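A.B. asks: Using the sequences and the hints, build the whole thing.
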Amino acid sequence: MALRLENIGYTYGQASSVVTRALAQVSLTVEAGELVLIIGATGSGKSTLLRVCAGLLEPQTGAVSVDAVPLTAQSARGAVGLVFQDAESQLFAETVLDDVSFGPANLGATPQEAADAARRALDAVGLPAAEFGLRSPFSLSGGEARRAAIAGVIAMEPAYLLADEPTAGLDADGRRAVRELLVAVREKAGVVVVSHSAEEFLGHADRVLVLMNGECAWYGDAPSLIADPRPFERAGLIAPDVLAVQMLVADRAGDSLGHTLDPEAAARSLALATGWLS
Amino acid sequence: MIRFDNVGFAYGSGESSVPALEGVTLSVAPGESIGVLGANGSGKSTLARLANGLLLPQTGRVTVEGIDTSDPARVRDVRTTVGMVFQRPDDQIVATSVEDDVAFGPENLGLPRDQIRERVDDAIAAVGLTGLERREPHLLSGGQKQRLAIAGALAMRPRYLVFDEPTSMLDPHGRREVRDVIARLTREGRGVLLVTHDLLEAAACRRVVVLRAGRVAFGGESATLVRDPRLMTSLGLEEPDLSRLVRALGGLGVPLDGVGYTPSEVAEALWR
Chain V
1 MALRLENIGY TYGQASSVVT RALAQVSLTV EAGELVLIIG ATGSGKSTLL RVCAGLLEPQ
61 TGAVSVDAVP LTAQSARGAV GLVFQDAESQ LFAETVLDDV SFGPANLGAT PQEAADAARR
121 ALDAVGLPAA EFGLRSPFSL SGGEARRAAI AGVIAMEPAY LLADEPTAGL DADGRRAVRE
181 LLVAVREKAG VVVVSHSAEE FLGHADRVLV LMNGECAWYG DAPSLIADPR PFERAGLIAP
241 DVLAVQMLVA DRAGDSLGHT LDPEAAARSL ALATGWLS
Chain A
1001 MIRFDNVGFA YGSGESSVPA LEGVTLSVAP GESIGVLGAN GSGKSTLARL ANGLLLPQTG
1061 RVTVEGIDTS DPARVRDVRT TVGMVFQRPD DQIVATSVED DVAFGPENLG LPRDQIRERV
1121 DDAIAAVGLT GLERREPHLL SGGQKQRLAI AGALAMRPRY LVFDEPTSML DPHGRREVRD
1181 VIARLTREGR GVLLVTHDLL EAAACRRVVV LRAGRVAFGG ESATLVRDPR LMTSLGLEEP
1241 DLSRLVRALG GLGVPLDGVG YTPSEVAEAL WR
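Chain order of the listed sequences is V and A.
With this note's numbering, the residue at position 212 of the first sequence is 212, and numbering never jumps.
With this note's numbering, the residue at position 135 of the second sequence is 1135, and numbering never jumps.
Keep in mind the hints are simulated off the structure, nothing from the lab.
Hints should not be assumed to be uniformly reliable.
[Unchecked claim] Chain V stretches covered by chain A per the calculated footprint, using a threshold of three residues with CB under 8 angstroms from any CB of chain A: (1) 74-81; (2) 97-105; (3) 129-143; (4) 239-246; (5) 259-269.
Because the structure is a prediction, the values reported are computed rather than measured.
We treat Cβ as the ideally placed atom computed from N, Cα and C, and that holds for glycine.
C.D. replies: Printed below as a string of structure tokens:
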């Protein structure tokens, strides 16, 4: 059971004079129960790749399949759910419950089934229907609104949940809530998170795809990227602060430290490498 | 000096009135930078908009170089003294080339041609966009667009700049570019009020104000805040990994007094 992309190529504007190659030869596998992090600089093809995963764009080369069935706009419905950037700007209904029920109702659920699915989804994002269901989506805080929008996708019970910059623009509490929510969703779905900074999800990810100019710059297990964070720089990215300090010290010490995201563990190895601890 | 004296502001009126700021007192001098932190809805953006008269206080007073922002005869003086840069540069870019966009403000002041040229060139140079004068703004990267928005504000030659989350839509490189520009503007003598979600970005300012529910919950040296995990938690802020690292290094006996909170400064200090 997996969402599988093989040798994907996508070019914008093929029929026009301005042709932009957005993706070339990108492969990716998302297993059920996995969190895959896609990082890359602005314009590296992250959002295009996510739209291909969701069946919203049909790649010109390569193949996309969901659980071994070729992905089409039709087969993606209900199987793959996409949370857009600034997802809360798409909230529209008079109540939170109506808004979150819209997706399942649109997929053919009865009003009762749709409302039940919406209640479960609202529970999952920490906005219980008893408290939030009858409120206007526009009365929610930034973080709550973002979570309500994610609930709207979860309510369709997709096997794969994709999220484009899910924490951008939120404050610390909002970011933490969305991060914990997406990490927990993994129990029920394969999760793909796209972000321009690795800081927040790297420690929770199973696998990471680093994109640069539409191509795969690095693909592998998250712990391997943490152990050797050089691909960040190669792809024009900035490594998380704690890793960056370790890389700078390792460069100058001339040997490789066992890099870690944990600040306390990093402090020990840094103090050892620079002679403050023996 | 920009001065807030016991400032209060509420949106709406009567029963549906929602207080956004209450009893806020602070000041920014030229050459000084203040970071403003707080959760969504804490009043940060309201504070930014009060600083240049986009909003007027309902209680208390905001003055800019002694001018009351509520004085209708002085609106233009206030706006040209305090420049404003918003979160989304796209909302602030109006023209079809970099130089035309920067020229928009000075042209509106009715300045002679050569003075406009000089201001535009200076502002573009100050944000490091020299060479891109003819570029269409939509072809710029996020960081370049935000620097263009800053240049547009700078062309008005303001003594103060107010930034409302200028880096929150940018990738890490864009963020670094914009931070560097803000730091340089402060060094060159402008007063800066920087509203941000990013604790380390705010801490690059000498002083920090933390708003909670419209009130100043902390005001003081940024070093005091970044070094005190309990204080950060009590203010609803998440301790950045880099300050956890610095604290852990301190606990292991590494002297890090006065070290700035960037990876290169921390790495450098380890070799001292």
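A.B. asks: Against the earlier hints, flag every one the structure doesn't satisfy and list their numbers going up.
C.D. replies: Per hint list: 1 and 2 violated.
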